[in-house]
Amino acid sequence: MQKTTLPERPDWRAHAEEVGFTFADMHGEPYWDETSAYALSLEQIENDIEDPSTELHAMCREAVAEIIASEELMAQLAIPEAHRDLVAESWRRGDPEIYGRFDLAYDGARPAKLLEYNADTPTSLYESAAFQWQWLEDQLKAGVLPEGTDQFNGIHEALVARFAEVFEPDSDLHFTAVADNPEDYGTVEAMGWAAREAGLGAHYCDLDKIALSEDGQFLDDQDRRIAVLFKLYPWEDLLRDDYASHIAGSGCLFLEPAWKALLSNKGLLPVLWQMFEGHPNLLPAFFEADVADALAGRGPAAPACAEAFDRAAADLAAAHVRKPILSREGASVSIHQSGKVIEQSKNLDYAEHPRIVQAYAPLPEFDGFRPVIGSWIVGESCAGIGIREDRSRITQDLSRFKPHYILA
Amino acid sequence: MTKRSKRVSIAIVGAAAFTLAGCEEEKVDAAAFPDLQSCLADASSGGMYTQQQCETAFDAAQTLHVESAPRYDSLEVCEEQHGADACGSEQTATQSGSGGIFMPLLAGYLIGNMMSNRAGMAAAQPLYKTKDGRFTNAARSSTYSTNRGAAKLGTSQFTRPSTTIGKTPMTRATAASRGGFGRSGGSRGFGG
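Listed in order, the protein sequences are those of chains H and Y.
The first sequence begins at 211 in this note's numbering and counts up by one.
The second sequence begins at 35 in this note's numbering and counts up by one.
So that you can see chain H by itself, here it is in the shape it has in the complex:
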């Protein structure tokens, strides 16, 4: 794995404008940055990222079954008591998953480590599946990259196949996101294109325009009944909205399904460690409430995880990360090294949520930037990657998207 400086495509900004990629710059900083790219070998892609990601998703499915069977775990993941049946039912019915994105720390040599699973509302789909793909095609055509150079990016094709597998031809799907957020909207529209290519009808409606009919179904902004709703809006918020109690009786299939609330939650990480301790792609992780005293030297860890904590104590004491179970874009994440806080995000949203403690896997550094590998799961398999890098140790909303390629 290396980072290579490459000439930018001379017309990429015009191309971005033409295809509606309006957030190529964000907060006055470049977001899409093709002045350099990450290069990986085919072995690194397949053995270190693709196969482990597919395996991690299978492990996550096992974890869902485990969490659903335990009221205690449901409570630790802060699933509101009133909606635990909704979550459990969506799993028992087999409501289908469409996509998700693992965030991995990977340096090209040691096993990739799972940082978290954006299993419910992952964004950056458009730039990963489409803009990055076009970049490679253009650079091949321009001779900037040699013939035979490839990219791990079958995301769009996999989504089309997934929609075709899950839905009857001509089914009508609705897509929703919070109004006026171009970044979220880009992901939703990329999803809509895949659905249409799979022969389905795709309709968009702003989230706050959704209505409830007199007979308890959800309606779009033109009062049409919604049978399937892809929502780029997290379950933890849906379950706390006014319409939460109407979801179960609405007959509407939500995508991602409610059981994804258990995976997009950092409480997943201690559950995975408990189930698969020592797995090469996992980091030791615990619920903070179970180990806070033990970490501070004030007492023992909770009995259920005391032995596992002892085995991980040295790693955690060397350095660990504390993350709220529901945080996004690095909010309220702090890194602790030998008892000191060495980095803390300025965004303190979610600070009031329960936290987990995870052993620290430093991101590798390339020219002062630290990349995180986003590995995309479509259905149950890994279909591609997108890389974001940040100057900070905590990847936040000023991170840049970097294209990647597979060496010929």
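Think of the hints as simulated: they come from the structure by calculation, not from any bench.
It cannot be assumed that every hint is accurate.
Straight-line alpha carbon distances no greater than 20 Å define the calculated EDC-like cross-link-like pairs of lysine to aspartate or glutamate that follow [unchecked claim]:
| # | chain 1 | residue 1 | chain 2 | residue 2 |
| --- | --- | --- | --- | --- |
| 1 | Y | K37 | H | E260 |
| 2 | Y | K37 | H | E357 |
| 3 | H | K419 | H | E367 |
| 4 | H | K419 | Y | D107 |
| 5 | Y | K165 | Y | D93 |
| 6 | Y | K40 | H | E347 |
| 7 | H | K213 | H | D360 |
| 8 | H | K213 | H | D451 |
| 9 | H | K213 | H | E575 |
| 10 | H | K419 | Y | E114 |
| 11 | H | K556 | H | D607 |
| 12 | Y | K37 | H | E253 |
| 13 | Y | K37 | H | E265 |
| 14 | Y | K40 | H | D360 |
| 15 | Y | K40 | H | E239 |
| 16 | Y | K40 | H | D577 |
| 17 | Y | K37 | H | D348 |
| 18 | Y | K40 | H | D607 |
| 19 | H | K556 | H | E239 |
Calculated from the model, a selection of chain Y residues having no Cβ within reach of chain H, i.e. all distances over 10 Å [to be verified]:
| # | residue |
| --- | --- |
| 20 | Q71 |
| 21 | S78 |
| 22 | V100 |
| 23 | Q129 |
| 24 | S179 |
Just so you know, even glycine gets a beta-carbon here, dropped at the ideal spot from N, CA and C.
Please arrange chain Y on chain H, whose structure you already have, making use of the hints.
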């Protein structure tokens, strides 16, 4: 065997065009008139439509107006959506209407060539004012800058605004409330 998609053609076209993206839509000649008189005048000076077509289309738009014009329970709310003096009571528009329900006044109509006798399509659409001085259709799914002139328009602009109540997806129903989703998240983005 490559590790990437063979073809990816995606553009972010925006919410208004979401449904139409990805397929080349059939276009038809269309014209808008503020009222029947201007269509008839255009016909007598050798316009695109005959007087007969003007009248048929105007009748069709009138019928849709009665069936599908947006309804409001107060004059204020209606004028908020359509501008001052752009609304009247349902009773004035249709004999069987209620004096307590308000709807926008017909501000023109849109005629599409070759659109009659197609399933789910209407040969003409009623037009209403919007609060910012433009024009919209009964479903309020499209906005037009003027109620006079000719253009090539996609056939979807002539989708019959539905009033049917059914249980099938995409059929229309009466909203008991709106806006029950989205509050918990505030205004931040939701991606991760």
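List, from low to high, the hint numbers that the structure doesn't satisfy.
Hints 3, 5, 8, 15, 16 and 18 are the ones this structure does not satisfy, whereas the remaining hints hold.
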